[in-house]
Every structure is written in structure tokens, then in C-alpha cells.
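*Asks:* With the hints as a guide, bring the two chains together.
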Amino acid sequence: NAGVTQTPKFQVLKTGQSMTLQCAQDMNHNSMYWYRQDPGMGLRLIYYSASEGTTDKGEVPNGYNVSRLNKREFSLRLESAAPSQTSVYFCASSVQGAGTGELFFGEGSRLTVL
Amino acid sequence: RKEVEQDPGPFNVPEGATVAFNCTYSNSASQSFFWYRQDCRKEPKLLMSVYSSGNEDGRFTAQLNRASQYISLLIRDSKLSDSATYLCVVNMRGGNKLVFGAGTILRVKS
Chain A
184 NAGVTQTPKF QVLKTGQSMT LQCAQDMNHN SMYWYRQDPG MGLRLIYYSA SEGTTDKGEV
244 PNGYNVSRLN KREFSLRLES AAPSQTSVYF CASSVQGAGT GELFFGEGSR LTVL
Chain B
42 RKEVEQDPGP FNVPEGATVA FNCTYSNSAS QSFFWYRQDC RKEPKLLMSV YSSGNEDGRF
102 TAQLNRASQY ISLLIRDSKL SDSATYLCVV NMRGGNKLVF GAGTILRVKS
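Heads up: the sequence lines are chains A and B, in that order. The numbering of the first sequence is this note's numbering, which starts it at 184 and goes up by one. The numbering of the second sequence is this note's numbering, which starts it at 42 and goes up by one.
Same shape as in the complex, but just chain B (with noise of 0.2 angstroms):
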């Protein structure tokens, strides 16, 4: 089993709906969580971080649940610049090492 497990997509919807996508991950004792994008053939960069209290920054909201192990990313009124492959991202030791998930990809179409 992955550490860190997506469904890659691709999400394929129109302008303006909202989509949501999750994340699992197999350690319990992950410490914190993240969400960063990455568009195409470019480098990836934190989109936000995910507290266990939930996140939301206007239109993206992050939520953590710690009893089944998965995060998630809500995107409301999506635009076609929202069209990215989004990477779950978990420090699961603590330290350095934080583990990427493969991304899930997020295709917006007018």
C-alpha cells in the first residue's frame, strides 16, 4: 500500500462547479498536512496547508480526518485556471521527509 494514495484523475468538469478531491494516507501517527499544485511541466507549490481545525482560503477549503486517515480539497466556482494536478503531501515522521502523493489532476473546461 502507498503511503500516500490519490485518485489520479483526471477530473474533467465545467466552469463555476465544485469538486472535491481526497487523499489517504497509512500512518496514524502523521504529524501535519498539505496541499500543493503543480501545473503542467512546471514545478509544484504550496497551495495550503491542512490544520485539523480545517482550512479555507476563498474558494479552497482543506479539511483533515484523523480517525479514516484522509485530507481533502474542496474547490468552489471553478475557474480555468484552477486546471492543475494537485499533490496531498504528508510529514509522516516528523523532520524532514514529507511524502507525495502522485497528484490528481483537475482539468476545468469552459
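Just chain A, with the same shape it has in the complex (with noise of 0.2 angstroms):
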């Protein structure tokens, strides 16, 4: 029972690095979400796929790009790291949109930015 799978879990770069976050979801779930978690505040959306071939801006989209690869597969991308940018990162999924409110999140990846 794989669910959703975030790699890395655990990663340190340096300010200007870049990196690419990998998500995947094996329960054939049409909408993907990727949040991130910050002390004292609630999640926040960085951007979400509702379908296989669709992305579109969340809340905190600045200083991030994702691609859907395909229905299983939505990756995000850090072109300039930095240090506002250390977090934790989890990926969501749901069958469709986020309105049921199940979510189904991987066990989030540590980003730490020097």
C-alpha cells in the first residue's frame, strides 16, 4: 500500500542550488497537490494539477515550477533555492478536486537551505 511516495525525504542545498522534488501516486487519483508546512502557519498551496496535462498556480507559487509528467507522476522544481524556502514539502492526492477534502499526503521532504 504505497499511497504516495515523496523523494526525497531529507535534502540540504545551498542558496542559487536547485533541486526537483518527485511525487507519485499509485491509487490512479485524478488531482495532485504539492503543499508546503512552516511553522506557526497552516499548509499552503504551492501549486496543484486537477488533471493529467493541467497545472495551475496556488497560494505561494513564486520561486517554484512543477510538471504533471503523467496521471501518477507531479513534480516540483526549485530553480534558485532559497533560504525562505526551507520548509517541509508534502504532495497530495485525491480522486478529484480537493472539494471532499481527502487529501492523501506523502510523508513530506525536509528542504533545508543554507
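What the hints contain is simulated information worked out from the structure, not anything from laboratory work. Note that this is a predicted model, so its numbers are computed, not measured.
20 angstroms max Cα-Cα, derived DMTMM-like pairs, lysine to aspartate or glutamate:
(1) 83(B) to 290(A)
(2) 150(B) to 123(B)
(3) 83(B) to 285(A)
(4) 240(A) to 44(B)
(5) 83(B) to 221(A)
(6) 138(B) to 235(A)
(7) 138(B) to 239(A)
(8) 43(B) to 242(A)
(9) 86(B) to 97(B)
(10) 86(B) to 290(A)
(11) 86(B) to 285(A)
(12) 120(B) to 97(B)
(13) 43(B) to 221(A)
(14) 192(A) to 290(A)
(15) 240(A) to 262(A)
(16) 192(A) to 256(A)
(17) 138(B) to 242(A)
(18) 254(A) to 209(A)
(19) 138(B) to 221(A)
(20) 86(B) to 221(A)
(21) 138(B) to 285(A)
(22) 192(A) to 80(B)
(23) 86(B) to 209(A)
(24) 150(B) to 56(B)
*Replies:* So, in C-alpha cells, the structure goes:
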């Protein structure tokens, strides 16, 4: 029962470096999401993909890009990492849109930017 | 004002106690409401949806008060395993955008 799998689980970057967070789900869900979670704040939506072939900005998209590679995979790329992007990143998926509220999350990727 | 506000706690309660959390939301047109649970350094997981008529699942009861724009979560007979952060989640605009509260920390002590 893999569900939503994220890699890597931990990463340390220097300012200006780039990296890609990978996410894959095996539940045949249509919608996928990337969130970030910072202390004292709720999860904030970075980007989402309502269905294969579509992506849309969320609340905090600046500094990030995404690719919905196929129905299973949704990657998040940081082109030039900044210390403000130090956070825990969660990928999630849902059968359809988020309106039903049931998102299935990956275990998270802890990113530190020095 | 935050769109979804929660008391961060922590709420420290003994085993067997009843504890309640409230969460307020700013948009009166919000359409659906949920409680998620997040264990320390783990991912959030859906605990329960909150319906207009209320919702009960075992020891957990969720209520919605649209007039006052808040939802509540009541936990009866608290267990040590209930210790976690409880996230209030609101679908404010329909579609794919859920707004998460920062969470309320619950610690159940023996």
C-alpha cells in the first residue's frame, strides 16, 4: 500500500542551487498538489494539478515550477533555492478536486536551504 | 485576519478527559469543512468531515456553526494515542483550494 511516495525525504541545499522533488501516487487519483508547511502556519498550497496535463498556481507559487509528468507523477522544482524556501514539503493527491476534503499525503520532504 | 484560525494550544489533558477545539473561518461562503490529524513529524490525515447537521465518529464529534462561522471538534474519553496536532481545513471557494489552519496541539497525559 504505497499511496503517495515523495523523494527525497531530506535535502540540504546552498542558496542558488536547484533541485526537484518527486512525487508519485498509485491510487489512480486525478488531482495532485504540492504544499509547504512552516512553523506556526497552516499548510499552504504551492501548485496543483486538477488532472493530467493541467497545472495551476496556488497561494505561494513564486520560486517554484511543477510538471505533471503523467497521471501518477507530479514534480516540484526549485530553480534557484533561497533560505525562505526552507520548509517541509508535502505532496498530496485526491480522487477528484479537493472539495471533498480527502487528500492523501506523502510523508513529506524536509528541505533546508543554507 | 487569517482565513482559518485555531488556538495553537497546547491543550494538556489527562486520560479520560473530554476536550474541545474551535476553529473560526473568515469567508461566510465557505462550502465544506474538515478536521485532519497530524502526528509529530508525520503527514496530515483526514480525521472527519464536518456536515451542517454535525458528524459523530466514535469518541469524536464535529459541529458546524455557520452563523458564527466556526467549526468544533469534541473528543470524549481522551486516549494517549489522541496526542497530535488537529488541523482545521476549509474549502472556501470551491474547486481545489483548501485552506488549512495552523493546528491545535493536544497532549494527553497518563
